[in-house]
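If you read the sequences in order, they're chains A and B. The first sequence: position 29 = 29 (the working numbering), numbered continuously. The second sequence: position 45 = 45 (the working numbering), numbered continuously.
No wet-lab data here; the hints were simulated from the structure. For clarity, every value in this text was computed on a predicted model and none was experimentally measured. The beta-carbon is built from N, C-alpha and C at its ideal position, and this holds for glycine as well. There may be inaccurate statements among the hints.
So these bits of chain A aren't anywhere near chain B, every CB distance computed over 10 Å [as the list claims (entries may be wrong)]:
id	residue
1	Arg-10
2	Leu-22
3	Asn-27
4	Gln-30
5	Glu-41
6	Leu-43
7	Phe-72
8	Leu-77
9	Thr-79
10	Gln-85
11	Lys-114
12	Thr-119
13	Lys-127
Per label pair, the in silico range of CB-to-CB distance [unchecked claim]:
id	chain 1	residue 1	chain 2	residue 2	range
14	B	Cys-16	A	Asp-6	39 to 49 Å
15	B	Gln-118	A	Phe-13	48 to 58 Å
16	A	Arg-122	B	Asn-99	37 to 47 Å
17	B	Arg-122	A	Phe-13	43 to 53 Å
There are 2 protein chains.
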Amino acid sequence: MFQLHDQLRRDTFPICRMKLCLVQIMNDSQFPWLVLVPAAENLIEIADLNEKQRKLLINEIAQAQRVMKNVFGPDKLNTGALGNQVSQLHVHVIGRFHNDPCWPQPIWGKLPPKPYDQTTLRAIIAKLQNAFISRL
Amino acid sequence: MFQLHDQLRRDTFPICRMKLCLVQIMNDSQFPWLVLVPAAENLIEIADLNEKQRKLLINEIAQAQRVMKNVFGPDKLNTGALGNQVSQLHVHVIGRFHNDPCWPQPIWGKLPPKPYDQTTLRAIIAKLQNAFISRL
Chain A
1 MFQLHDQLRR DTFPICRMKL CLVQIMNDSQ FPWLVLVPAA ENLIEIADLN
51 EKQRKLLINE IAQAQRVMKN VFGPDKLNTG ALGNQVSQLH VHVIGRFHND
101 PCWPQPIWGK LPPKPYDQTT LRAIIAKLQN AFISRL
Chain B
1 MFQLHDQLRR DTFPICRMKL CLVQIMNDSQ FPWLVLVPAA ENLIEIADLN
51 EKQRKLLINE IAQAQRVMKN VFGPDKLNTG ALGNQVSQLH VHVIGRFHND
101 PCWPQPIWGK LPPKPYDQTT LRAIIAKLQN AFISRL
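Work the whole structure out from these sequences, hints included.
Below, the structure written as structure tokens:
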């Protein structure tokens, strides 16, 4: 049975479920940062997905990118499946700004996370849920 | 007309052309590192691709991953479209080893590249070309 990896569960909050992926937000207020987790067992690399799942994944990544642009207006998106710390397949979609604290470097492993305060988190989750529902 | 960005051209060597992407190898002997560049104009984010191109891209990423596993046997793959330095859409597929000099951190921007010597480069390009042709 599919289960979200403990570390991903601890570091993120749920936004919504798409056809293939759970969409989670990283609890780090320094960057708008989504994580898409294909909800199927024993996936580590994109090559482990079958053709139908691959098509769903790339379409869901594109949708998450449109949502990120619409909600946060970033200068650039960083999209990646690394899995060096947590091998369960998950795809980061991160909004980057020319004045963010890591630009132009990648953000993974750079700064300790600054968790959201609950009011801000609630507002951002609601905005993201609305954006995903409106199927941009 | 599509043109490979100057910096990508300087930093890489061509392996082959797939239906959508040029496949290039990064000239850094520290990591097996491919770069897939969709050969179409004005692409920055995955969301800029149409549905047909998205399907091709994810299938070509999966093929590049299979080639990397087959040729280099890495412990993990890192796959990502960042574009903070070069905005032209390009997808990194990098073979990672538990004993490589950056593990478990991402490798982008960490170490100055160590270019291949010509003999090694020629041999690796030939191996990769054969692997792509055999359509793993």
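Going down the list of hints, with the structure as the test:
1. Arg-10: Given a closest Cβ separation of 18 Å, the condition holds.
2. Leu-22: holds, 19 Å
3. Asn-27: holds, 20 Å
4. Gln-30: At roughly 16 Å from the nearest Cβ of chain B, Gln-30/A sits farther out than 10 Å, so the non-interface label holds.
5. Glu-41: Non-interface label stands for Glu-41/A: nearest chain B Cβ at 18 Å, farther than 10 Å.
6. Leu-43: holds, 12 Å
7. Phe-72: holds, 14 Å
8. Leu-77: It is violated; Leu-77/A is separated from chain B by about 5 Å at its closest Cβ, not greater than 10 Å.
9. Thr-79: Given that some Cβ of chain B is not farther than 10 Å from that of Thr-79/A, nearest at about 5 Å, it is violated.
10. Gln-85: Nearest chain B Cβ is 6 Å from Gln-85/A, so the label is violated.
11. Lys-114: holds, 20 Å
12. Thr-119: holds, 30 Å
13. Lys-127: At roughly 18 Å from the nearest Cβ of chain B, Lys-127/A sits farther out than 10 Å, so the non-interface label holds.
14. Cys-16/B - Asp-6/A: 39 to 49 Å: holds, 41 Å
15. Gln-118/B - Phe-13/A: 48 to 58 Å: Given range 48 to 58 Å: holds, Cβ gap about 51 Å.
16. Arg-122/A - Asn-99/B: 37 to 47 Å: Holds, since Arg-122/A and Asn-99/B (Cβ atoms, about 44 Å apart) stay within the stated range.
17. Arg-122/B - Phe-13/A: 43 to 53 Å: Holds - the Cβ-Cβ distance for Arg-122/B and Phe-13/A, about 50 Å, lies within 43 to 53 Å.
Taken one by one, the earlier hints fail for this structure at numbers 8, 9, 10, listed in ascending order.
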